[in-house]
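A.B. asks: For the protein sequence lines, the chains are D and A, in the order given.
All the letters of the first sequence, read from the start, carry residue numbers 1 to 155 under this note's numbering.
All the letters of the second sequence, read from the start, carry residue numbers 156 to 222 under this note's numbering.
It is worth saying that the hints were derived from the structure and are not from the lab.
Between beta-carbon pairs, the in silico distance windows are:
hint	chain 1	residue 1	chain 2	residue 2	range
1	D	Glu6	A	Thr160	31 to 41 Å
2	D	Gln37	A	Phe179	20 to 30 Å
3	A	Ser178	D	Ala152	12 to 22 Å
4	A	Asp198	D	Tyr102	33 to 43 Å
5	A	Ala210	D	Gln113	23 to 33 Å
6	D	Asn50	A	His196	14 to 24 Å
7	D	Thr33	A	Glu201	18 to 28 Å
8	A	Glu181	D	Asn98	18 to 28 Å
9	A	Asp158	D	Glu114	43 to 53 Å
10	A	Asp158	D	Val121	31 to 41 Å
11	A	His175	D	Ile28	19 to 29 Å
12	D	Glu122	A	Thr212	21 to 31 Å
13	A	Thr212	D	Thr33	33 to 43 Å
All figures in this text were calculated on a predicted structure; none of them were measured in a lab.
Each residue gets a CB set at the ideal place from its N, CA and C atoms; glycine is no exception.
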Amino acid sequence: MNALAEQFADQNVGSIFLYTHEAHPGEIYPHLTSMTQKLNHAQALRDILNVTRPILVDSLDGACHRAYGTMPNMTWIFNRAGMPIYKSNWTGTKSVENAIQYFLDVSVRRKNQERLAPFQVERLDYRTQDADAFEAGLARNGPKAVREYATAFED
Amino acid sequence: MEDLTTRYNYDEFTPEKVFHWLSFAESPALGEPAPDFPLWHLDGTETNLSQIWKAHTYTIVEFGSFT
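The whole structure should be built from the sequences, with the hints applied where relevant.
C.D. replies: So this is what it looks like as structure tokens:
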């Protein structure tokens with residue numbers, strides 16, 4: 001997603017990472033109890049995961065995250081008028097890239113005075129599943145996070 | 156009963172504490188005005204989501220954490 005942000009930055013496409021809460025709290029990165037801790041976690045995330053996009057932090061009670069569906073890693077695209085024009089319950093880089101390319105083309109069509117009417121579409125997209133990276137993330141948070149994830153999904 | 160902030164920042168990943176939060180199907184509709192919320196830069200200064208989306212023709216917002 002960092003590379004995608006750089007790819008479209010010169011086409012007036014902004015990109016941010018919004019830090020929410022620890023989906024898998026562990027001993028090293030536990031559940032959040034203060035705004036100071038939340039800001040510290042977000043700074044650590046930026047440094048450890050090399051997030052080059054601007055990082056913003058939600059309120060401690062997750063007001064924004066909860067209003068938008070509380071999924072652990074969703075992506076939304078907004079237009080300048082403040083309307084969501086794309087939402088996905090997980091983040092798939094190719095899906096986001098495809099959507100942005102489409103919307104940039106819409107801007108060109110508008111500039112060419114093509115008459116456009118919005119409509120809604122549903123589509124099943126596919127994201128890369130990186131189990132090793134996910135497990136490494138759990139381990140980074142601490143053994144408790146690893147243990148609880150395994151327990152939550154055992155038969 | 157724990158308060159909202161404590162429940163949102165659950166202390167352990169269990170189906171009972173986590174799954175009821177997942178409400179994407181009830182999230183804001185496409186093409187309608189989106190709800191605005193205060194957000195914070197890493198230095199602690201406050202902004203809001205609307206300031207972010209007003210800054211560019213399109214703005215990608217990825218929600219997430221360490222995991």
